[in-house]
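Participant: Start from the sequences, fold in the hints, and give me the full structure.
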Amino acid sequence: MNFRVPVEAGHILQFRRAVGQLDAALADDAVAPPTYLMAADHFAPDYERRPQAGRPWPGPVVAPAGGGGGFHAEQVFEYHRHVRAGDVLTATVRPGRTWEKAGRRGGRLEFHETVTEYRDAAGELVVTATWVSVATERIPE
Amino acid sequence: MTAVFHVGDSWERVVVHDLTRTQIVMYAGASGDFHPLHHDEPTAVALGYPSIFAHGMLTMGLSGQLLTDVVGDEGLTRYAARMVGQVWPGDTLTTTLTVDAVRAGEVDLAVRTVNQDGAVVLLGSATARQ
Numbered sequence: 001m002n003f004r005v006p007v008e009a010g011h012i013l014q015f016r017r018a019v020g021q022l023d024a025a026l027a028d029d030a031v032a033p034p035t036y037l038m039a040a041d042h043f044a045p046d047y048e049r050r051p052q053a054g055r056p057w058p059g060p061v062v063a064p065a066g067g068g069g070g071f072h073a074e075q076v077f078e079y080h081r082h083v084r085a086g087d088v089l090t091a092t093v094r095p096g097r098t099w100e101k102a103g104r105r106g107g108r109l110e111f112h113e114t115v116t117e118y119r120d121a122a123g124e125l126v127v128t129a130t131w132v133s134v135a136t137e138r139i140p141e
Numbered sequence: 001m002t003a004v005f006h007v008g009d010s011w012e013r014v015v016v017h018d019l020t021r022t023q024i025v026m027y028a029g030a031s032g033d034f035h036p037l038h039h040d041e042p043t044a045v046a047l048g049y050p051s052i053f054a055h056g057m058l059t060m061g062l063s064g065q066l067l068t069d070v071v072g073d074e075g076l077t078r079y080a081a082r083m084v085g086q087v088w089p090g091d092t093l094t095t096t097l098t099v100d101a102v103r104a105g106e107v108d109l110a111v112r113t114v115n116q117d118g119a120v121v122l123l124g125s126a127t128a129r130q
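Here the protein sequences line up with chains A and B, keeping their order.
One point on numbering: in our numbering, the residue at position 134 of the first sequence is 134, and numbering is uninterrupted.
One point on numbering: in our numbering, the residue at position 59 of the second sequence is 59, and numbering is uninterrupted.
If you're looking for bench data, these hints aren't it; they were derived computationally from the structure.
This list has only true hints and no planted wrong ones.
Derived, one-sided and incomplete: chain B residues facing chain A with beta-carbon distance under 8 Å:
#1 V16
#2 S31
#3 M60
#4 G61
#5 L67
#6 T77
#7 Y79
#8 R82
Covered, in the sense of this in silico footprint (three residues per stretch, anywhere, with C-beta under 8 Å from a C-beta of chain A), are these stretches of chain B:
#9 33–39
#10 46–58
Small disclaimer: the values here were computed from a predicted structure and weren't measured.
Beta carbons are placed, not taken as given, at the ideal position from N, Cα and C, and that holds for glycine.
Facilitator: Printed below as a string of structure tokens:
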């Protein structure tokens with residue numbers, strides 16, 4: 001899957017405030033904070049954590065406490081250079097590795113990586129982001 | 001970056017004090033992650049959670065502010081984190097960075113964020129240019 005990610009100064013400001021820098025100022029050539037590309041999900045078609053026309057909300061992403069669902073366990077960013085306001089990136093998403101592990105309470109844990117490569121208008125790799133989700137087997141009560 | 005790092009150098013800071021639901025909602029809006037468990041209290045309670053809780057990526061973002069203050073806005077070459085504990089409204093989070101290794105031109109840092117009870121909520125690592 002490919003999608004375009006325009007990086008705007010106002011969005012960087014909003015994201016900086018959201019991660020605790022409440023005195024951040026608007027800067028036309030702002031460097032994005034290190035986790036900024038999480039916000040690229042705004043531009044991902046069919047992103048399941050956003051209400052979309054014609055789809056029930058909340059969808060299957062919502063799982064009860066105590067297992068049976070999947071959650072975001074780990075995140076890795078590799079920076080070839082840092083994102084700046086004015087960049088127009090292209091995100092390419094592909095599945096990464098999958099592995100299993102025994103959980104502490106006897107259930108099985110399944111890990112899945114989703115790797116997103118962000119390239120700039122010149123085609124140069126800017127950031128590689130790896131999302132690791134873990135699905136927990138429901139533990140018998 | 002002109003700073004010279006040494007193994008064992010350490011920085012510590014409260015990255016959020018008494019986390020508000022408003023801050024969590026700001027993160028939902030800015031990041032685009034509108035998962036109901038992070039803002040919709042009746043849904044969270046109905047599913048067995050005591051309240052809504054913060055996005056793990058909000059904790060990684062809050063912790064990252066200390067990282068960029070130490071290594072500079074464009075210093076990082078890698079930042080990785082495991083979300084090991086949930087973060088709730090009212091939590092106060094403290095992040096500690098420690099230099100693990102220094103190589104020619106590069107430095108590795110351990111990232112650890114705990115809540116007001118000392119429970120670890122995030123364990124991470126980062127590499128920066130120096």
